[in-house]
Every structure is written in C-alpha cells, then in structure tokens.
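S.K.: All chains should be built: construct the whole structure from the sequences, respecting the hints.
So the protein lines, in turn, are chains A and B. Each step along the first sequence adds one to the number in my numbering, with nothing skipped, and position 109 is 109. Each step along the second sequence adds one to the number in my numbering, with nothing skipped, and position 80 is 80.
By construction, these hints were calculated from the structure, which means they are not laboratory data. The beta carbon of each residue, even a glycine, is placed where N, CA and C say it ideally should be. Fair warning: there could be bad hints in the mix.
Straight-line distance between alpha carbons at most 20 Å, and here's what the computed PhoX-like set of lysine-lysine pairs gives [what the hints assert, rightly or not]:
{"no.": "1", "chain 1": "B", "residue 1": "198", "chain 2": "B", "residue 2": "168"}
{"no.": "2", "chain 1": "A", "residue 1": "69", "chain 2": "B", "residue 2": "221"}
{"no.": "3", "chain 1": "A", "residue 1": "69", "chain 2": "B", "residue 2": "108"}
{"no.": "4", "chain 1": "A", "residue 1": "71", "chain 2": "B", "residue 2": "108"}
{"no.": "5", "chain 1": "B", "residue 1": "221", "chain 2": "B", "residue 2": "210"}
{"no.": "6", "chain 1": "B", "residue 1": "210", "chain 2": "B", "residue 2": "29"}
Listing some non-contacts, in silico: residues in chain B with all C-beta distances to chain A over 12 Å [to be verified]:
{"no.": "7", "residue": "65"}
{"no.": "8", "residue": "87"}
{"no.": "9", "residue": "119"}
{"no.": "10", "residue": "147"}
{"no.": "11", "residue": "169"}
{"no.": "12", "residue": "233"}
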Amino acid sequence: MERHISVPFGEETACSLKAGDYVYLTGTLYTARDAAHKRMQEALDKKEPLPLDLKGNVIYYMGPSPARKGKVIGSAGPTTASRMDKYTPALLDLGLRGMIGKGKRSKEVLDAAVRNKSIYFAAVGGAGALLSKCIRSAQVIAYEDLGTEAIRKLEVVDFPVIVAADTNGNNLYETAVSDYLNNRQK
Amino acid sequence: MRELSTELITKTIKEMCIEANHVLSEDMKQTFSAAVREEQAPLGRQILQQLIENMDIAQTEQIPICQDTGMAVIFLEIGQDVHITGGSLRDAVNEGVRQGYQEGYLRKSVVADPIIRENTKDNTPAVIHYEITEGDQVSITVAPKGFGSENMSRVFMLKPADGIEGVKQAILTAVQDAGPNACPPMVVGVGIGGTFEKCAILAKKALVRKAGEHSEIPYVKELEEEMLEKINETGIGPAGLGGGITAFAVNINTYPTHIAGLPVAVNICCHVNRHVTRVL
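M.R.: Below, the structure written as structure tokens:
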C-alpha cells in the first residue's frame, strides 16, 4: 500500500503502517550514524541530556557528501542499520518513533520497536543522489566536529521509504525473499 | 627511459576520483538496463528503476551516485622503463585523492587510526597497490570502495580436499550473509589461490573487470556463470527485498597456490561498482 505521512508521528500512525507499505515521509528527520550514536550512548551513561528530543521523531542513518554551492546537501542515502543495533533499544525506550536505514536488524532492536510502537523503514541503498532531491533543508544541530557524522536536522518532502518492520513484529527482510521464491514457483 | 611527472599523476588521479563517483561506466549502465527488463519482482523492478534514475541525476546534477564515496583504492601498473620525476609517487597519488575529494565535493570517510578514529578530513591516505610491469606506460585504476559491501567481504582458508565444491559454498555463504547490507544487486569479486593476502587482492582486482567479460580459463568462466545463476536463485533481489537480480556478475581470478592450501576471498561490491582506468 502507498501512504503519505508526516513526521514526527504518533503511536496511532505507527500502528497503521504494515511491513511492505511504500511510504512517502514529509516533515523533520534527524541524521545520526555510528559516531553520533556512540556519543549519545556516552551522554546517556553520564545521565546527560541528548542533543535532540527523541519523542515521536525519526532518525535517518545517513552521513551525506558535502553540498555544492547553492545546494542544501550532497548525496544522501542510507547506511547499514545493523551497526547501530547496539545503541538502538535504549533510544527506542526513550520514545524514538522510527528509524531509516538499510539491512536487517537484531532481535533486540525489533523487540524494542514492537514494545515501543516504532517503525523501521528501509530506504534504497545507493540511491543517494535521488534521495537528496527530497531534502529541502539541512542544519547541523550537534556534534559538528564529527563532520559527515554530525547530527543534522533535515526537512524532507515525499521522502520514499518502505516499511521494513512494523509494530506487530512483521519483518519484510524475513518475508520478502521467501515470498518472492514461493510466488515464482507458482 | 621515458619520464613521467608526479604532477601529471596527481592531476589525473584527481580527475578520476571525481569521475568515478559521478558517472558509472557504460558497461554498468547497460547491465542495469538489462536487469530492469529481466527482474520479475514488482518491488525489485521499482528499486532498479530508482537506481537508474539515481544515476541520471548523479551525472546531470553532479551529485555523487552514493554518499559513501568510498576509500580510494588505487591500482598502479608501472612500466619498468618509466622514470617518475618530481618527488614521491605515493605523495603524488595521495595529493590527487585529496584534491579530488575536496574539489569534487566527495565525502571524507577515512579515519587516521582504526581504534582512535579521528577523520583525516581529506579522505587520505588511499590504499595503493603497486605492480611493476613491462613497457614504458603507467596504468592507473581508481576504484572508490564503499564499506556497506566491504564489511560483508570474507576470506576462507579452505583445504585442498574442499575442492571446487568448497569454493562454491564459500561464495554462496558470503553472499547469503551479505544479503541486503551489501546493497544488491552486487558484483562479486572472487580470488582463488595464492596466499592469504594474494587471494584478497585477486578478489579486489576482479571487481574492476569490465561487465560482461569472463575469465579466459574455461572452467573458471563456467564457474562464474554457474555461481551467478546460483546467487540469483537465492531470491535476495534488489536491496535485499526479494527478486531475481541479486548479482550482476561474478568475476573470478585464480593464482597458483601451495600444496596444502586453497585460499578463497570473496570481495563484495554494491551495485555502484565504480572504477575508472587511464593509461599515461
């Protein structure tokens, strides 16, 4: 099913999304990848505040290439999500509503997503030029010294993603391949 | 003896870094068009079309094809009758990478130390493979390597008794484990033989082979074709979301090895299989 939703979004919207839905996101996304996750974890360990409010928000696992003059951002596709697995359950428990990345997640992440009614979206890896066209503004809000790995606030319009794991525990990465093979045999 | 200046090498490598990250070679483009015609899965086809559109945008608007513009892997084949003038060749290569990644708005993805992890901010140093060959020319291949797929690459130290079946199993294991992380459709580079490090370099070099070309050794060519078919039977598909196009090609290089060993390296590349070669 094709859906258009705005971000941030609430529990009700999250629960209405099903694995396999093709979704266009409009609104605010925050970027964070390996190094930013490590810093957020260190902040949590020290009981310090995080640089962003996670509640209802979506983190995009992405480190862009630099913007050319007059552009808001460079190439901006997803990175492999599983590298963030170690840090993710804690963020989900703090209210993170969604994640955008590519590839399979750990059981701990998927369980935490179900528990907190959060969604894991897949974006198409290696489509960074195409995806950058949906980004209308980009602003570094924390960890500027990390360069491409800094936390950025993005405003996006019709950013295309696929629901990879939904709030009922359905996981497209587990079912898509077998569904394809079964249908093909028919 | 023919003289070649480091200045020219720097300039050439700068241009090649920028070109490789914005324009996928003609052979890879044709491979994409064929794949979109063949793919049976609707979502898989949609993803392949997105990737073709992505390539068009990258080229016309000068946005890198992928934000991971890679660690610069550089193969230098240096004719033994060439004299390089004007300073250190290694420094000239790194300077070319530095200029290319800065002037080309490419991402700086290299950290100076694997544990301390501070970004070098200019994407240097490159990984440089030098080979001395005959003649008076220098062949340069620039192959920026993204790490989504690099992380899924493997070396298997098989034993002679494992034979060709063991090799097939190793390739399939690596591809299955890589799954969606390696951004399929992949190009699978395989090195068989040599030593631990030799098979890895063979596999890396296999990735820069022109699409559609096969090994000249008959059984290796057959193995390439058989493994491509087997990989596409897995159903992993584009982006790992199901489909018949999991790999574009399996390229295998071989080398003599020790009586006690059968090293196999599987170097996986995503669909953005970037490589440019120029001869000076």
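S.K.: None of the hints should be skipped; say for each whether it holds.
M.R.: Going through the hints against the structure:
Simply put, residue 198 (chain B) and residue 168 (chain B) have alpha-carbon atoms about 19 Å apart, close enough for the 20 Å limit, and the pair holds. This hinted pair does not check out: residue 69 (chain A) and residue 221 (chain B) have alpha carbons roughly 47 Å apart, beyond 20 Å. Of the pairs offered as hints, the one joining residue 69 (chain A) and residue 108 (chain B) holds, with about 17 Å between alpha carbons and a cut-off of 20 Å not exceeded. Using a Cα cut-off of 20 Å, the hinted pair residue 71 (chain A) and residue 108 (chain B) holds, with the two alpha carbons roughly 18 Å apart.
Restraint check for residue 221 (chain B) and residue 210 (chain B): the C-alpha separation of about 14 Å stays at or below 20 Å, so the hint holds. For the proposed pair residue 210 (chain B) and residue 29 (chain B), the alpha carbon gap of about 12 Å is at most 20 Å, so the pair holds. Listed as a non-interface residue, residue 65 (chain B) fails to keep its Cβ farther than 12 Å from every Cβ of chain A; the least gap is roughly 6 Å. Its beta-carbon lying about 28 Å from the closest one in chain A, residue 87 (chain B) satisfies the requirement of being farther than 12 Å from that chain.
Some Cβ of chain A comes within 12 Å of the Cβ of residue 119 (chain B); the nearest lies about 5 Å off, and the non-interface call is violated. Not every CB of chain A is more than 12 Å from the CB of residue 147 (chain B) (nearest about 8 Å), against its label as outside the interface. The Cβ of residue 169 (chain B) sits about 19 Å from the closest Cβ of chain A, beyond the 12 Å cut-off, so the non-interface label holds. For residue 233 (chain B), the non-interface assignment is contradicted: its Cβ lies about 9 Å from the closest Cβ of chain A, within the 12 Å cut-off.
Violated hints, listed in ascending order, are 2, 7, 9, 10, 12; each of the other numbered hints is respected by the structure.
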